[in-house]
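Chains as they are written, first to last, in the working numbering: chain A, 1 to 194; chain B, 195 to 372.
Source of the hints: derived by calculation from the structure; they are not laboratory data. Backbone N, C-alpha and C define an ideal beta-carbon position, used for all residues, glycine too. Keep in mind that the hints are not guaranteed to be accurate.
Among chain B residues calculated to face chain A with C-beta under 8 Å, some are [said to hold, decoys possible]:
| id | residue |
| --- | --- |
| 1 | Gly-212 |
| 2 | Trp-269 |
| 3 | Ile-273 |
| 4 | Arg-312 |
| 5 | His-357 |
Keeping only pairs whose Cα atoms sit at most 16 Å apart, straight-line, the calculated EDC-like set for lysine to aspartate or glutamate is [as the list claims (entries may be wrong)]:
| id | chain 1 | residue 1 | chain 2 | residue 2 |
| --- | --- | --- | --- | --- |
| 6 | B | Lys-350 | B | Glu-337 |
| 7 | A | Lys-110 | A | Glu-166 |
| 8 | A | Lys-46 | B | Glu-311 |
| 9 | A | Lys-169 | A | Asp-151 |
| 10 | A | Lys-169 | A | Asp-111 |
| 11 | A | Lys-110 | A | Asp-164 |
| 12 | A | Lys-46 | B | Asp-309 |
| 13 | A | Lys-169 | A | Asp-118 |
| 14 | B | Lys-350 | B | Asp-329 |
| 15 | A | Lys-110 | A | Asp-149 |
| 16 | B | Lys-350 | B | Glu-366 |
| 17 | B | Lys-350 | B | Glu-336 |
| 18 | A | Lys-169 | A | Asp-149 |
| 19 | B | Lys-350 | A | Glu-16 |
| 20 | A | Lys-46 | B | Glu-315 |
| 21 | B | Lys-255 | A | Asp-63 |
| 22 | B | Lys-255 | B | Asp-309 |
| 23 | B | Lys-255 | B | Asp-213 |
| 24 | A | Lys-46 | B | Asp-329 |
| 25 | B | Lys-350 | A | Asp-7 |
| 26 | A | Lys-110 | A | Asp-176 |
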Amino acid sequence: MMHCTMDDLLALRAGEASIWARRHVEDCAACRAELDAVYQRVAQLKALPALRSPRDRWPIVRDAVRVAQTRRRRTWGVWSLAAAAALAGVLLVPRFGDSGTLHAELSRAKDQSATLEDQLQNYDVDGRVLSGRTAAHVAELEDRIAVIDGDLARQAAPKAQAQDAELVKLWQQRVDLMRQLVNVRSTRARYVGL
Amino acid sequence: MTVALAVPDVLVARAQAGDEAALEALYRAFETPVYNLARRMLRNAEDAEDVLQETFLEVVKSIRDYRGEGYLWGWIRRIVATKALMRIRRDQLRATEPLGEEHGKPGMHVGANLDLERAFEHLTDTSRAVVWLHDVEGYTHEEIGELMGKSVSFSKSQLARAHARLRGLLGEGEGAQA
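The whole structure should be built from the sequences, with the hints applied where relevant.
Right, dumping it as structure tokens:
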């Protein structure tokens with residue numbers, strides 16, 4: 001005697017069985033028992049106890065939330081900084097005319113900063129798993145960069161008495177921190193093999 | 195495990211505004227169902243923990259895009275399932291194991307009389323994922339096929355093979371289905 005296959009039984013459960021299977025299961029006690037067993041297995045699966053994470057992952061998620069919030073603030077800061085830098089360029093050109101070295105250093109630091117920003121975009125993928133320590137280090141670096149961006153924006157304000165050497169120093173500090181940030185991100189990217 | 199978790203709209207709105215306390219409340223509310231789903235789909239507990247973390251990083255990043263269509267658990271659950279399936283695919287690629295290839299743990303044989311939880315652990319990664327998504331979470335074969343990048347019939351055949359294997363591992367039925 002031909003019995004229902006597992007496909008037939010699952011189709012019966014889903015209400016999609018063939019006419020033959022529907023008729024057969026009415027007459028065949030063995031297949032009815034098999035169908036009951038399927039229902040019971042599924043009920044038992046649903047009743048399995050919930051498994052709980054052995055470790056609390058919230059601190060890592062929270063650190064990522066804070067990093068993202070800092071980054072959003074910094075992004076806004078970068079936009080204002082870009083506007084401020086453009087203004088500073090206008091204000092400082094005459095003075096830099098007398099000081100070619102400082103001008104060259106300032107340009108170099110700005111170029112390096114822009115290059116590092118681009119590199120950072122390659123590694124800066126939201127959702128990548130960071131350890132709590134790495135996320136905290138990234139947050140700290142981003143905070144320090146945000147402070148420097150704030151200083152640069154103030155230096156570039158129309159009434160500020162910006163010292164050329166001070167601007168160069170701030171930009172160079174920014175480049176140094178950006179470099180550290182890129183190193184953290186690229187190391188992490190290599191570590192996870194992405 | 196059935197999740198019938200209602201989350202107040204105001205909590206979702208606060209989370210969408212980036213309120214850290216609200217985001218933590220969401221994490222606490224869904225931590226266990228997210229981990230449980232990931233752990234049932236994945237063989238490795240650490241992988242399930244990573245999926246828990248990745249899921250909430252995604253939730254934090256994308257919660258602004260949640261428009262309230264359907265219930266929040268449905269939205270989060272899809273993120274969990276997608277991330278868990280990505281891990282299964284990645285592991286299968288690394289092991290050069292074709293998706294859905296049937297195998298059991300070494301030494302495991304039909305009629306081993308395991309309890310259901312242990313028998314379930316002995317299914318292949320793909321079969322386990324299909325069984326859990328379909329039979330427990332209530333996904334349709336169409337939805338599972340879409341999530342896995344496979345056909346509806348693939349999902350159906352995986353489910354049938356998984357049930358046949360469970361039946362064997364549980365030592366059930368000696369008459370029909372032989």
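So, going through the hints one by one against the coordinates:
1. Gly-212: Hint holds; B:Gly-212 Cβ to chain A Cβ min 6 Å, cut 8 Å.
2. Trp-269: violated (16 Å)
3. Ile-273: With a closest approach of 10 Å, the B:Ile-273 hint is violated.
4. Arg-312: violated (11 Å)
5. His-357: With Cβ-Cβ at 5 Å, under 8 Å, it holds.
6. B:Lys-350 - B:Glu-337: holds (12 Å)
7. A:Lys-110 - A:Glu-166: holds (14 Å)
8. A:Lys-46 - B:Glu-311: holds (11 Å)
9. A:Lys-169 - A:Asp-151: holds (11 Å)
10. A:Lys-169 - A:Asp-111: holds (14 Å)
11. A:Lys-110 - A:Asp-164: Cα-Cα ~14 Å, so holds.
12. A:Lys-46 - B:Asp-309: Holds - the C-alpha atoms of B:Asp-309 and A:Lys-46 are around 14 Å apart, at most 16 Å.
13. A:Lys-169 - A:Asp-118: violated (21 Å)
14. B:Lys-350 - B:Asp-329: Holds. B:Lys-350 to B:Asp-329 sits at ~12 Å (cutoff 16 Å).
15. A:Lys-110 - A:Asp-149: holds (12 Å)
16. B:Lys-350 - B:Glu-366: violated (21 Å)
17. B:Lys-350 - B:Glu-336: Holds, at roughly 9 Å.
18. A:Lys-169 - A:Asp-149: With a Cα-Cα distance of about 12 Å, the restraint between A:Lys-169 and A:Asp-149 holds, given a limit of 16 Å.
19. B:Lys-350 - A:Glu-16: Holds, at roughly 12 Å.
20. A:Lys-46 - B:Glu-315: holds (15 Å)
21. B:Lys-255 - A:Asp-63: holds (13 Å)
22. B:Lys-255 - B:Asp-309: Roughly 40 Å separates the two Cα atoms, so the pair is violated.
23. B:Lys-255 - B:Asp-213: Answer holds: B:Lys-255 to B:Asp-213 is near 13 Å, not above 16 Å.
24. A:Lys-46 - B:Asp-329: OK: A:Lys-46 and B:Asp-329 at ~8 Å, within 16 Å.
25. B:Lys-350 - A:Asp-7: With Cα atoms ~8 Å apart, B:Lys-350 and A:Asp-7 stay inside 16 Å; holds.
26. A:Lys-110 - A:Asp-176: holds (12 Å)
Of the hints listed earlier, those the structure fails to meet are numbers 2, 3, 4, 13, 16, 22, in rising order.
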